[in-house]
Amino acid sequence: MPVDQHSDPFVPLDPFEEQLSAGLRQAGGVFETDRAALVTAGALKGRRRLLRRRAAVVGGAASLALVGLGGALLLPGGGSAHQDGAEVGSSTPSATSTPAPAPVSGDDLIRTLEKLLPHGKFSKAEARGTDEPPAPYVHLVYDDGKGAAAVGVSLARVEPGSDEARQATECPGKAFAHYDACSTTRLPDASVVMVLQGYEYPDRRVDTKWWSAELVTPTGQHVSVSEWNAAAEKDSPVTRAEPPLSADRLRKLAAASAWRDAIDSMPEDTAEPTAQPTGSDTAVAVPIAPMLRSLLPKRKFTVSEDSGDDSGFGYLVVDDGMGKSLVQVNVQGDMSDVAGDLFGSGAKTLPDGTKVAVHQEPSEKGGAGAVMWTVDTLRSDGRRVVISELNSGAPHDDATRRTPALSIEELRAIALSPKWWQ
Amino acid sequence: MRQRRADEYAEFAAARAGHLYRSACLLTAGDTHLAEDLVQETLGRLYVSWGRVSRVGNPAGYAQTVLARTFLAHQRKRSSTERATDVLPDLPDERAGQDMPLRLTLLEALGRLPAKDRAVVVLRYWEDRSIEETARAMNASSAAVRTRCVRVLGRLRELLGEDLSDYARS
Numbered sequence: 000m001p002v003d004q005h006s007d008p009f010v011p012l013d014p015f016e017e018q019l020s021a022g023l024r025q026a027g028g029v030f031e032t033d034r035a036a037l038v039t040a041g042a043l044k045g046r047r048r049l050l051r052r053r054a055a056v057v058g059g060a061a062s063l064a065l066v067g068l069g070g071a072l073l074l075p076g077g078g079s080a081h082q083d084g085a086e087v088g089s090s091t092p093s094a095t096s097t098p099a100p101a102p103v104s105g106d107d108l109i110r111t112l113e114k115l116l117p118h119g120k121f122s123k124a125e126a127r128g129t130d131e132p133p134a135p136y137v138h139l140v141y142d143d144g145k146g147a148a149a150v151g152v153s154l155a156r157v158e159p160g161s162d163e164a165r166q167a168t169e170c171p172g173k174a175f176a177h178y179d180a181c182s183t184t185r186l187p188d189a190s191v192v193m194v195l196q197g198y199e200y201p202d203r204r205v206d207t208k209w210w211s212a213e214l215v216t217p218t219g220q221h222v223s224v225s226e227w228n229a230a231a232e233k234d235s236p237v238t239r240a241e242p243p244l245s246a247d248r249l250r251k252l253a254a255a256s257a258w259r260d261a262i263d264s265m266p267e268d269t270a271e272p273t274a275q276p277t278g279s280d281t282a283v284a285v286p287i288a289p290m291l292r293s294l295l296p297k298r299k300f301t302v303s304e305d306s307g308d309d310s311g312f313g314y315l316v317v318d319d320g321m322g323k324s325l326v327q328v329n330v331q332g333d334m335s336d337v338a339g340d341l342f343g344s345g346a347k348t349l350p351d352g353t354k355v356a357v358h359q360e361p362s363e364k365g366g367a368g369a370v371m372w373t374v375d376t377l378r379s380d381g382r383r384v385v386i387s388e389l390n391s392g393a394p395h396d397d398a399t400r401r402t403p404a405l406s407i408e409e410l411r412a413i414a415l416s417p418k419w420w421q
Numbered sequence: 000m001r002q003r004r005a006d007e008y009a010e011f012a013a014a015r016a017g018h019l020y021r022s023a024c025l026l027t028a029g030d031t032h033l034a035e036d037l038v039q040e041t042l043g044r045l046y047v048s049w050g051r052v053s054r055v056g057n058p059a060g061y062a063q064t065v066l067a068r069t070f071l072a073h074q075r076k077r078s079s080t081e082r083a084t085d086v087l088p089d090l091p092d093e094r095a096g097q098d099m100p101l102r103l104t105l106l107e108a109l110g111r112l113p114a115k116d117r118a119v120v121v122l123r124y125w126e127d128r129s130i131e132e133t134a135r136a137m138n139a140s141s142a143a144v145r146t147r148c149v150r151v152l153g154r155l156r157e158l159l160g161e162d163l164s165d166y167a168r169s
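Residue numbers (numbering that gives the first Met the number 0), protein chains in the order written: chain A, 0 to 421; chain B, 0 to 169.
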């Protein structure tokens, strides 16, 4: 039932609206789930978020303490070089010319993970290096011969001794009861590691197991390793009874020194996702469809459908005589906060800093033979234009032609047109 | 989180999770996996700011606002390639008003609305929010919400027909 009875007294509902309300209550009321599991997962997410936020704050405020003449020592939290004995990385106060560690690339992280895993096959590796915001990670599919499994490692800093550092490695309490096992171990070097053997889906409608190890060192390096008994976190069938690494192996993987070296090479502003302003696509007012029409290549097109004067998102169905193509455009302001999500290693960066990614793939929702071509562009100030087209006139239709009407080059020219921003 | 606060949060989350989930199912037009993710994300956000949230007058309403914004933020990150449902053709006429239960037809119709329209429908007609409150939840002006509301009602009338009582009540 609705939480708040805040109906506007000056706007009485008409019969259709009354029926709509009743219909929504009927439609919404049938959805049920395992609430306790949802609460558990939500709280775990909250804990991780708290940790990330703390890492971001610490990262953003980290100070550089000069060590001797040449070396720089990065401190979490901005204290003195000796605060809590928290020297980070291999630098020591006596090292007068220790250079700042070189960044560790995504490829290096992939190689590190492959080396640390037992013999097996690797695929679908992806990673972000330590100098790529918002934070480094490596993710791949590992098969030891008994079934493909997703394995991921992410790296961050936390403030040593903080509540967040403690909470990261504390097994969830009785309010968070949905897991098979959880243990916390103190390693000889005083690092603390928690291994949690739980489930990806709180209601366990699919038995995807999610096991993770969270390790925090005395100096605040935070290594988080996850593995699943499926080739992907979600929407992927279970391939084996359990994830490939035992709790003990998971613990050892998290404790590998290579991860700590990588964390030490993270520049001070790497982990700052929350400091980014959140954007709003409402700031962009240009009507999409008319602009798109004006930017079509100088060939003959018939336009059979048009989204009108909406800004933000619009589309045209065009036909150059060879069959219909649905062309859709999104124009958004201030999307720099999600650049990392949208533009992977395949993206190109133009001299002015604009990122361009091209995708040519079968249409996810399309009918027989349908393909979708997309050019996604993000200017250095965060403004984004995405244009995509199908070789059919509607998302679920079969292909009406072999390829869409506009070439990738033409899509690119449209997306990069300065007119979107005039 | 201190113990008392943690207990309060756990109690609140347990009490509200079901409703949040049902709202999320409507926002996602029946995509229960996404709905679950959105509720987890919402509860995660509330967890982080619980100290402040618990002091506001209406944490339940606040939670619903966070859910709506989380949903809109999620949709915003998706590219046009995933907004294809915005331009689906109308429901075939022969299905309207026949044996199709209203709830299924309604979910299907919601699935054909752009994200912001869906958020307006859910906040206005499921949450019973006023235009002003809907506008605040969506970070929009009330004029914009009013216009959107008129348009979306028109669209739903087109999709569902004028009289929803024609549908089977199962």
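Calculated directly from the structure, the hints in this document are not laboratory data. Hints should not be assumed to be uniformly reliable.
As the list claims (entries may be wrong) - Partial list, computed: chain A residues near chain B (C-beta under 10 Å):
hint, residue
1, 29
2, 38
3, 40
4, 41
5, 44
6, 160
7, 311
8, 321
9, 322
Fair warning: this is a prediction, and the values are worked out from it, not measured in the lab. Virtual Cβ for every residue (Gly too), placed ideally from N, Cα, C.
Do the hints match the structure? See the list:
This hint holds: residue 29 of chain A has a C-beta 6 Å from the nearest C-beta of chain B, less than the 10 Å allowed. With a cut of 10 Å, the hint placing residue 38 of chain A at the interface with chain B holds, because the nearest CB-to-CB distance is about 4 Å. Interface restraint check: residue 40 of chain A against chain B, minimum CB-CB distance 5 Å, threshold 10 Å, status holds. A hinted interface residue such as residue 41 of chain A counts as satisfied when its beta carbon comes closer than 10 Å to some beta carbon of chain B; here the least separation is about 2 Å, so the hint holds.
Hint on residue 44 of chain A holds. Least Cβ distance to chain B is approximately 3 Å, under the 10 Å limit. Below 10 Å, beta-carbon pairs count as interface contacts, and residue 160 of chain A has none with chain B, the closest being about 17 Å; its hint is therefore violated. A cut of 10 Å between beta carbons decides the hint on residue 311 of chain A: the least distance to chain B is about 9 Å, and the hint holds. Given hint, residue 321 of chain A at the interface with chain B, is violated; its Cβ is 21 Å from that chain's nearest Cβ, farther than 10 Å.
Among the interface hints, the one on residue 322 of chain A is violated; its C-beta lies about 17 Å from the nearest C-beta in chain B, farther than the 10 Å criterion.
Checked against the numbered hints above, the structure violates hints 6, 8 and 9; every other hint is satisfied.
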